[in-house]
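Engineer: This is what each chain is made of:
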Amino acid sequence: MSSIISISGVTKTYATGFKALKEINLDIERGEIFALLGPNGAGKTTLISIVCGIVNRSSGTVTVDGHDIGRDYRAARSLIGLVPQELTIDAFETVWATVNYSRGLFGKAPNKEFVEKVLRDLSLWEKKDSKAITLSGGMKRRLMIAKALSHEPRVLFLDEPTAGVDVELRQDMWAMVRRLREDGVTIILTTHYIEEAEAMADRVGVINKGEIILVEGKAELMRKLGRKQMNLELRAPLAAVPDGLSHYSLELSDDGNQLTYTYDNQSDRPGVASLIRDLEAAGVQFRDLDTKNSSLEEIFVNLLRQEP
Amino acid sequence: MNLRAAPNFRAIWAIYRVEMARAFRTVLQSIISPVISTSLYFVVFGSAIGSRITEIDGIAYGAFIVPGLMMLSLLTQSISNASFAIYFPKFVGSIYELLSAPVSYLEIIIAYVGGAATKSVMLGLIILATAALFVPLRIEHPFWMIAFLVLTAVTFSLFGFIIGIWAKTFEQLQLVPLLIVTPLTFLGGSFYSIHMLPGIWKTITLFNPVVYLISGFRWSFYGKADVSVGVSLGMTVMFLAICIAIVAWIFKTGYRLRN
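These protein sequence lines are chains A and B, in that order. Just so we're aligned, residue 1 is where the first sequence starts under the numbering used here, counting upward by one. Just so we're aligned, residue 1001 is where the second sequence starts under the numbering used here, counting upward by one.
In case anyone wonders, no lab produced these hints; they're calculated from the structure. Remember, it's a predicted structure, so these values are computed and weren't measured experimentally. Zero decoy hints are in this set.
Simulated crosslink set (DSS-like; lysine-lysine; CA at most 30 Å straight-line): (1) B:1168 / A:209; (2) A:228 / A:292; (3) A:117 / A:128; (4) A:131 / B:1090; (5) A:140 / A:127; (6) A:228 / A:218; (7) B:1090 / A:140; (8) B:1168 / A:131; (9) A:19 / B:1090; (10) A:127 / A:108; (11) A:22 / B:1252; (12) B:1168 / A:22; (13) A:22 / B:1090; (14) A:140 / A:128; (15) B:1224 / B:1202; (16) B:1252 / A:19; (17) A:108 / A:128.
Next up, chain A with everything else stripped away, as it sits in the complex (with noise of 0.2 Å):
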């Protein structure tokens, strides 16, 4: 079995009538960093929350590394470490005190190396004996990471880990993550800031409003989904595009110095080479010329548009 997480059929109703859910099916696979993408309010919060026993379910199973979150929860939310997206710490206790703490709740025998450890990675040491109020926002979040891995856990949930975080905090954090998935820990990270499930994931999952609308390896979704843009800067603007290039989906910009074409790159006739003969046979000129994938957000972006 290949997968840590199994989530099959999963619903959520909320009292209010309010459906977070709409029949979840995602396998994680063991050792993978996996994003889950979606905008704000498409269920990625309640979807780790039940996952990890924060929120019940209305229906469908989970089981983590084959156990079921429900009959056998001791055993699933064990293996699972949790960094919220919130700030949300006992603001009077210290920070030695609270990841001891963490790691007493989940049943782990007191290991204070392993803690000076994590303390150490995560530039906490010094603070070790400053209460969590006097942190600041930055050192705060570092504290919930090592909370969350106190317990070393199998599984590690980053829900929106650099939301309002600095880029040296974002570079350890990736830093850290990477370590991580060299020790085998498989880490599941939601975000709405596509760059970093672009940096960092394996693969990628889709939600919205409560579906999850694709899930693909993210080097197959950029392929597949992605497209391919070719700028052509110009020697002489261009009043328009000449007519004998009008089959090909060409935009001018409006200054008429640059043309830019795009085009779908797994097709096997892409049209680059004809485009440039009959650019010649035209009689334009271009000084420069360059290629580029679109990103992960377009193709987000792309998709998110083309749901109903």
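Given chain A's structure and the hints, the job is docking chain B onto it.
Structural biologist: Just chain B now, with coordinates in the frame of chain A:
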């Protein structure tokens, strides 16, 4: 049963320790302030007014009010300790960690109620020691004294835990202790014997559960009671059972914890 399904004693210990640490962090609020208020009661009721009452049921008035005063603090502190302990994480959101941890509801209860009850019992004993400075005390049934002390602390910590889960605002958190528990305790015979009340009021008072607690507790000190000790014990245990039933329901439905 596999190892993973075994009780999570480490979690109970972790929560319990945090609860106890909070008490020592807020020594002024948890320990010194009840001592001061108890001393004030002695000055006002024991000395000023008590000097005119002299004795009730053959017990010096100052000594007579000691069990009632202990109960007064025990009840209010058990409720406020336990209700705050569970309300606060709910309020700041840090309860996510408790809910996502491999702990059973029973373990959560044991840890929180155990912590709150421990603090209350310690407080009760501190009040007792303070009282001993003012009046001569005797405890005829020490075993039952401790039994009533612990039973009441546990019962009302459990009651406080329920309030803490139910409360959505700080106002609600204060509401039940302020509007129900304090009046019931004052009217429950802390400062008088219910035999001193005129006919109809004596009957009405018997619907006040606190009467049984104080009466039983006072019996363990002086061997004198307003109602029989068996009834006192029965009522206390019944109230405990009701609280346990409510908590069981809360946990079965996830009421206000897991929506």
